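**Student:** Listed below, chain by chain, are the residues.
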Amino acid sequence: DIQMTQTPTSLSGSVGATVTFTCRASESVGHNLNWYQQKPGKAPKVLIYGASRLQSGVPSRFSGRGSGAFFTLTISPLQFEDVATYYCQQTSSVPYTFGQGTDLEI
Amino acid sequence: QITLKESGPTLVKPTQTLTLTCTFSGFSLSTTGVGVGWIRQPPRKAPEWLTVIYWNDDKKHSPSLKTRLAITKDTSKNQVVFTMSQMDPVDTATYFCARHMFGPEYLDQWGQGIPVTVSS
Numbered sequence: 001d002i003q004m005t006q007t008p009t010s011l012s013g014s015v016g017a018t019v020t021f022t023c024r025a026s027e028s029v030g031h032n033l034n035w036y037q038q039k040p041g042k043a044p045k046v047l048i049y050g051a052s053r054l055q056s057g058v059p060s061r062f063s064g065r066g067s068g069a070f071f072t073l074t075i076s077p078l079q080f081e082d083v084a085t086y087y088c089q090q091t092s093s094v095p096y097t098f099g100q101g102t103d104l105e106i
Numbered sequence: 001q002i003t004l005k006e007s008g009p010t011l012v013k014p015t016q017t018l019t020l021t022c023t024f025s026g027f028s029l030s031t032t033g034v035g036v037g038w039i040r041q042p043p044r045k046a047p048e049w050l051t052v053i054y055w056n057d058d059k060k061h062s063p064s065l066k067t068r069l070a071i072t073k074d075t076s077k078n079q080v081v082f083t084m085s086q087m088d089p090v091d092t093a094t095y096f097c098a099r100h101m102f103g104p105e106y107l108d109q110w111g112q113g114i115p116v117t118v119s120s
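These protein sequence lines map, in sequence, to chains D and Z.
The opening position of the first sequence corresponds to residue 1 in the numbering used here, with each subsequent residue numbered one higher.
The opening position of the second sequence corresponds to residue 1 in the numbering used here, with each subsequent residue numbered one higher.
Simulated from the structure, these hints should not be mistaken for lab results.
Treat the hints with care, as some may be off.
Claimed, not checked - As a list, the in silico DSS-like pairs of lysine-lysine whose alpha-carbon atoms are at most 27 Å apart:
id	chain 1	residue 1	chain 2	residue 2
1	Z	5	Z	77
2	D	39	Z	77
3	Z	5	D	39
To be verified - DEER-style ranges, computed between Cβ atoms:
id	chain 1	residue 1	chain 2	residue 2	range
4	D	14	Z	58	45 to 51 Å
5	D	20	Z	58	16 to 22 Å
6	D	80	Z	88	39 to 45 Å
7	Z	66	D	70	42 to 48 Å
8	Z	14	D	70	26 to 32 Å
9	Z	25	D	8	35 to 41 Å
10	D	79	Z	64	35 to 41 Å
11	Z	31	D	14	30 to 36 Å
12	D	80	Z	45	38 to 44 Å
13	Z	88	D	77	43 to 49 Å
14	D	15	Z	88	41 to 47 Å
15	D	105	Z	117	40 to 46 Å
These numbers were taken from a predicted model, which means no experiment stands behind them.
Virtual Cβ for every residue (Gly too), placed ideally from N, Cα, C.
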């Protein structure tokens with residue numbers, strides 16, 4: 001299985017700031033990397049797919065970069081409603097593994 | 001509007017087989033590039049991808065659970081049925097179904113999830 005490692009495990013920022021999440025794969029996944037936002041009691045919601053493509057309806061303050069085995073998700077500017085847990089997921093090979101998540105606090 | 005909803009038992013006994021149904025609307029599972037899969041999430045843990053069935057009836061399973069999983073589709077009813085055999089308390093989790101889209105592959109629409117507890 002491809003292991004996905006997210007750092008840090010938790011992150012804190014102020015409204016209007018810029019925050020960056022990191023996701024590393026144990027082997028190359030090409031551009032097959034997605035980012036999800038999950039709020040308590042809700043299903044995950046896709047923000048970025050294909051490493052850098054913004055899902056329709058997602059605010060442009062979310063952006064993704066990377067390829068191969070190193071990826072980042074940036075939120076700028078940070079908003080109160082962005083408090084959530086953020087997960088990366090690779091869809092290069094089964095099982096389509098998720099990272100362990102990063103909790104974002106404002 | 002695209003919706004998916006999971007249904008089935010919320011309590012199963014150890015060794016029993018779990019059967020869940022995903023009923024969806026707003027899209028067709030006969031459309032090229034579309035799949036419906038299952039993901040579970042134990043309390044306070046990350047999601048775990050389990051399985052997917054595609055428009056062409058191709059299926060993929062998590063290798064570590066492959067012998068316990070099955071997935072079928074009924075395109076006319078807009079339903080996908082998921083089974084997991086030999087349930088154990090460690091399988092306690094919220095189970096989600098989600099639409100898989102190609103180009104590249106990602107999970108763009110999710111059901112609300114159904115909590116399943118495995119206990120005698």
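**Student:** Please go over all the hints and tell whether each is borne out by the structure.
**Tutor:** Okay, the hints, checked on the actual structure:
A C-alpha spacing of about 13 Å is found between residue 5/Z and residue 77/Z, which places the hinted pair at or below 27 Å, so the restraint holds. As the CA atoms of residue 39/D and residue 77/Z are separated by approximately 31 Å, the hinted pair breaks the 27 Å bound. Proposed proximity of residue 5/Z and residue 39/D is supported: the alpha carbons are some 18 Å apart, at most 27 Å. Against the hinted window of 45 to 51 Å, the Cβ-Cβ separation of residue 14/D and residue 58/Z comes to about 47 Å, which satisfies the hint.
Restraint check, residue 20/D to residue 58/Z: a C-beta distance of roughly 36 Å breaks the suggested window 16 to 22 Å. Separated by about 40 Å at the C-beta atoms, residue 80/D and residue 88/Z satisfy the suggested range of 39 to 45 Å. Taking 42 to 48 Å as the suggested C-beta distance range, the pair residue 66/Z and residue 70/D does not conform, at roughly 30 Å. A C-beta distance of roughly 41 Å is found between residue 14/Z and residue 70/D, which places it outside the suggested range of 26 to 32 Å.
Separated by about 39 Å at the C-beta atoms, residue 25/Z and residue 8/D satisfy the suggested range of 35 to 41 Å. Between residue 79/D and residue 64/Z the beta carbon distance is about 38 Å. The supplied range of 35 to 41 Å therefore holds. Taking 30 to 36 Å as the suggested C-beta distance range, the pair residue 31/Z and residue 14/D does not conform, at roughly 44 Å. Restraint check, residue 80/D to residue 45/Z: a C-beta distance of roughly 26 Å breaks the suggested window 38 to 44 Å.
Between residue 88/Z and residue 77/D, the C-beta spacing of about 45 Å keeps the proposed range 43 to 49 Å intact. For residue 15/D and residue 88/Z, the Cβ-Cβ distance of about 44 Å falls inside the hinted range of 41 to 47 Å, so the restraint holds. The hinted range of 40 to 46 Å is not satisfied by residue 105/D and residue 117/Z, whose Cβ atoms lie roughly 30 Å apart.
Hints 2, 5, 7, 8, 11, 12, 15, counting from the list given before, are not met by this structure.
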